[in-house]
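Student: Each protein sequence line maps, in turn, to chains X and U. Just so you know, we're using our numbering here: the first sequence kicks off at 1 and counts up by one. Just so you know, we're using our numbering here: the second sequence kicks off at 1 and counts up by one.
Simulated from the structure, these hints should not be mistaken for laboratory data. Since the structure is predicted, the reported quantities are computational estimates derived from the model, not experimental observations.
Because identical chains cannot be distinguished in the list, a pair is counted as satisfied if it fits within a single copy or across any two copies.
Under the rule of at most 25 Å between Cα atoms (straight-line distance), these lysine-lysine pairs were calculated in the DSS-like manner:
(1) K224 - K199
(2) K107 - K180
(3) K199 - K180
(4) K214 - K180
(5) K180 - K101
(6) K285 - K180
(7) K8 - K285
(8) K224 - K152
There are 2 protein chains.
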Amino acid sequence: MELLDGKKISEEIRAEIASEVKDIKSKSGKIPYLAAILVGHDGASETYVHNKELACAQVGFRSQVLRFEETISESGLLAEIQKLNANPEVDGFIVQMPLPKHIDEQKIIEAIDPKKDVDGFHPVNVGRMVIGLPSYISATPDGIVELLRRYKVETAGKHCVVLGRSNIVGRPVANLLLHKGYPGDCTVTICHSRTPNLKELTLQADILIVAMGKPEFVTADMVKNGTVVVDVGITRIPSEKTKSGWKLVGDVKFDEVAPKCSFITPVPGGVGPLTIASLLKNTLKAARKEVYG
Amino acid sequence: MELLDGKKISEEIRAEIASEVKDIKSKSGKIPYLAAILVGHDGASETYVHNKELACAQVGFRSQVLRFEETISESGLLAEIQKLNANPEVDGFIVQMPLPKHIDEQKIIEAIDPKKDVDGFHPVNVGRMVIGLPSYISATPDGIVELLRRYKVETAGKHCVVLGRSNIVGRPVANLLLHKGYPGDCTVTICHSRTPNLKELTLQADILIVAMGKPEFVTADMVKNGTVVVDVGITRIPSEKTKSGWKLVGDVKFDEVAPKCSFITPVPGGVGPLTIASLLKNTLKAARKEVYG
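With the hints as constraints, model all of the structure from the sequences given.
Tutor: Put into structure tokens, the structure is as follows:
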């Protein structure tokens, strides 16, 4: 059993990006520029945005956080997005979710210029990804595929079973692994809350991607020997063994499943650390105009 | 075994559309207007476009075919598309494929205003379909879903196995049947040329959708009793039994598979007749501004 070490791969990717930024800077003077819109003061959102800023600094990107009180109106926020769309210095930007209830998140996502949509949530980028055109792939599915690639996990002709059909993980990663080429060419099965015979299907998986948000749901009897397991879940549960009184667990019962696996992600330290690396990759693509020319 | 009679359903849909057109016309004077661009003189394309014109006439739509010689340049064709995009009278239009080799088909597809893209091939419409937003769904996947709906085929929790991962059939129909609600909530498996254990998977199918373009590929030993089979393939093969010396067959060996099925599409007369009905539905949606408001 080998760990799919997201922390290590994330550091590799960041080092590669930092070196490319130096290169671009020396050749053209250009510095990739990522902006983030943060509405309100949600603790988790503050942390995510802060970590993104740190990551930008680390690889040599320019970054800026635009903060707004949660009283901002939808039209006010849309106006701010238009400013970023129109600002030629900004290569890409994100709007940190969730947004206050009076703002329609889908409307906000669709207001972002697809060329600057480095979160990859705009329908144009989703459609381009599904069709197989160059696109910004959203962070979690991109991180999963990157992990498989960096560990040279075989994918062609393998049966990949995805648990969860969300628009941010299950559905896009299924579409990605279905494409021709590497990492891809998988037979793909997507299961979800309405699937009655989950275990019958997970036992067929050569690659099992779990994104259900159900702590320790996948047990040893649900996976065959030699499976590659990617666990996207992360939930805080009470624990008597830690000082804090809680611990983070994935959707997979790691201790009992890991011995049966050829590869498995730890939680934390699996897919999580790769999401910011994917955002940086997309911003670099945007700065280079790789997707839309 | 019951036949999924695409011809009958197509006539039902056309009758419904004709009645809605009368209704719209009497209320607002508006007549839905579909335009088609036809480049060159390919026999099959001429037939398709002609059938679309006939269907428009039958339901009371206004239609127009814009014909261009195959010497038209890409920029010339793009200019014609811009004219249709800008023409407020045209609700929707299609560009009949294939196009001459000197024209980039993807570029043409992306030049169509998504609001008028009644073929549903623009990345925005593909992305919206995948995410689950209102969109124009392309003709074949929409036809398949419509057949299941009209015959009240149970889909929730059923295992739908799709053979073929094309952008025009396999991939979109898989994404559609994965959505919440009816017809949807399927567990979905997508197989293709790189799948090594096809029979093992097809034997698990409650609903089997075949879109491979391999005549009579699916045999009786590959399906379990009671399966719903939707055959999208249509190939002309030599036959000693017909006067013409050929016959049309699907991807499924109908005679031996049909007795095992609860429902099965005939070929011809299954999905085929529904594709034009789907195009008419999309044009009606466009005229009513149902997708983009």
